[in-house]
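A.B. asks: Sequence order for the protein chains is A and B. Numbering follows this note's numbering, in which position 131 of the first sequence is assigned residue number 133; successive positions increment by one, without gaps. Numbering follows this note's numbering, in which position 162 of the second sequence is assigned residue number 164; successive positions increment by one, without gaps.
Far from chain A by the CB rule (all over 10 Å, computed), these chain B residues:
id	residue
1	Met3
2	Cys33
3	Ala64
4	Ser82
5	Ile84
6	Arg101
7	Asn124
8	Glu133
9	Ser175
The calculated label-pair distances, taken between Cβ atoms and stated as ranges, are:
id	chain 1	residue 1	chain 2	residue 2	range
10	B	Ala64	A	Asp98	44 to 54 Å
11	B	Lys94	A	Cys56	25 to 35 Å
12	B	His122	A	Cys56	37 to 47 Å
13	A	Ser137	B	His122	57 to 67 Å
The set of hints was computed from the structure by calculation and includes no laboratory data. Values in this document were obtained by computation on a predicted structure and should not be read as measured data. The beta-carbon is built from N, C-alpha and C at its ideal position, and this holds for glycine as well.
Protein chains: 2
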Amino acid sequence: MKKVGIVFFDQFTDIDVVMHWDLLNRVRQYCGLADFEVKLLGTASAHVSMSGLCIPATGSLAEIKDADAVLFASGRGTRSLIQNSAYLQQLKSYLDPQRQLIAAQCSGSLLLGAIGLLRHVNVSAYPPILELLLSYGAQPVQKSFVVDRQFATASGCLAAPQLSGWLIQQLVSEQAATQVLESAAPLEDLLRPVASHAV
Amino acid sequence: MKKVGIVFFDQFTDIDVVMHWDLLNRVRQYCGLADFEVKLLGTASAHVSMSGLCIPATGSLAEIKDADAVLFASGRGTRSLIQNSAYLQQLKSYLDPQRQLIAAQCSGSLLLGAIGLLRHVNVSAYPPILELLLSYGAQPVQKSFVVDRQFATASGCLAAPQLSGWLIQQLVSEQAATQVLESAAPLEDLLRPVASHAV
Chain A
3 MKKVGIVFFD QFTDIDVVMH WDLLNRVRQY CGLADFEVKL LGTASAHVSM SGLCIPATGS
63 LAEIKDADAV LFASGRGTRS LIQNSAYLQQ LKSYLDPQRQ LIAAQCSGSL LLGAIGLLRH
123 VNVSAYPPIL ELLLSYGAQP VQKSFVVDRQ FATASGCLAA PQLSGWLIQQ LVSEQAATQV
183 LESAAPLEDL LRPVASHAV
Chain B
3 MKKVGIVFFD QFTDIDVVMH WDLLNRVRQY CGLADFEVKL LGTASAHVSM SGLCIPATGS
63 LAEIKDADAV LFASGRGTRS LIQNSAYLQQ LKSYLDPQRQ LIAAQCSGSL LLGAIGLLRH
123 VNVSAYPPIL ELLLSYGAQP VQKSFVVDRQ FATASGCLAA PQLSGWLIQQ LVSEQAATQV
183 LESAAPLEDL LRPVASHAV
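With the rest of the complex left out, here is chain A (with noise of 0.2 Å):
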């Protein structure tokens, strides 16, 4: 059994939650592996978007202990969150990044420096939190999508699916992460000749 826990809070931006629930869901649905779980975690039974979306966390801020990769949302909740000792002291507490595949998406990174995981990391650099970024001592890379040993960070809602896909290449297989990745691909994406796929 693989377990993925996406960590959201009050304010997440509603792309970057849900396009990692479906895209992660969906090993279980395109590739037939039942043992592949996804949880959206919380400190409150739902949470509200920044666009006012409410939507239910399916288990709470402590299954963070049981994943094996954790991924956390971005949005302007994030802010008031760096500022909260007694929340990054849970995350501190419940993450484990010997074991664990850690992930961020644009702000979402701002968590992780906030507890001191991002020193002498490569990040995404997400522009709105250059600075942040640089006070936690993260070394920020102008790439959509980052990977520094176990932990990986992308930029920019639609360079969601590149972070996803790189989860479930690590959990799962290869195979399994370009199985997902094309069942949302446009559909031209999909007509092209497989010589330029590569490309």
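Once you have looked at the hints, place chain B on chain A.
C.D. replies: Relative to the frame of chain A, chain B by itself:
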């Protein structure tokens, strides 16, 4: 005031609802246009996605009547709805193709086909629904995004931004569409020199 209704239902595709919801709501958030309203229209107080996500509706199907643009979500749920004559009758009575922009993501086109709106209309040819589209008299085209008069269709979840972008361009302006799409673009797309943006 411009109003967009996103029609969704049980067994919807998560990305195909939330991507449009988020991007369309950014017209208010990123372009400062307060008089742009987006509603999630359903037949119940909430609908559950193919991945088990429960999302509240923010309006009833009858509010299709008030919309300047109506966007049909996709998902397995369309397959039972195209057999549900009471549901189709409601869509038919509320939609006004003379006045409204009518858009569909992937299998959302089936609902338009089932109420007879796609005869001799060019539509994006999402492979799993190709035969049904033909049976409705539609003219499938092998493109991710197709516009034919007031009808716009997109295939593949990640073609959704093209469809949302078109709706924003038609209802607001080209500039607003660009602003919204750039706010969700992968970081590297934003860093490319302007000349290659145009390519």
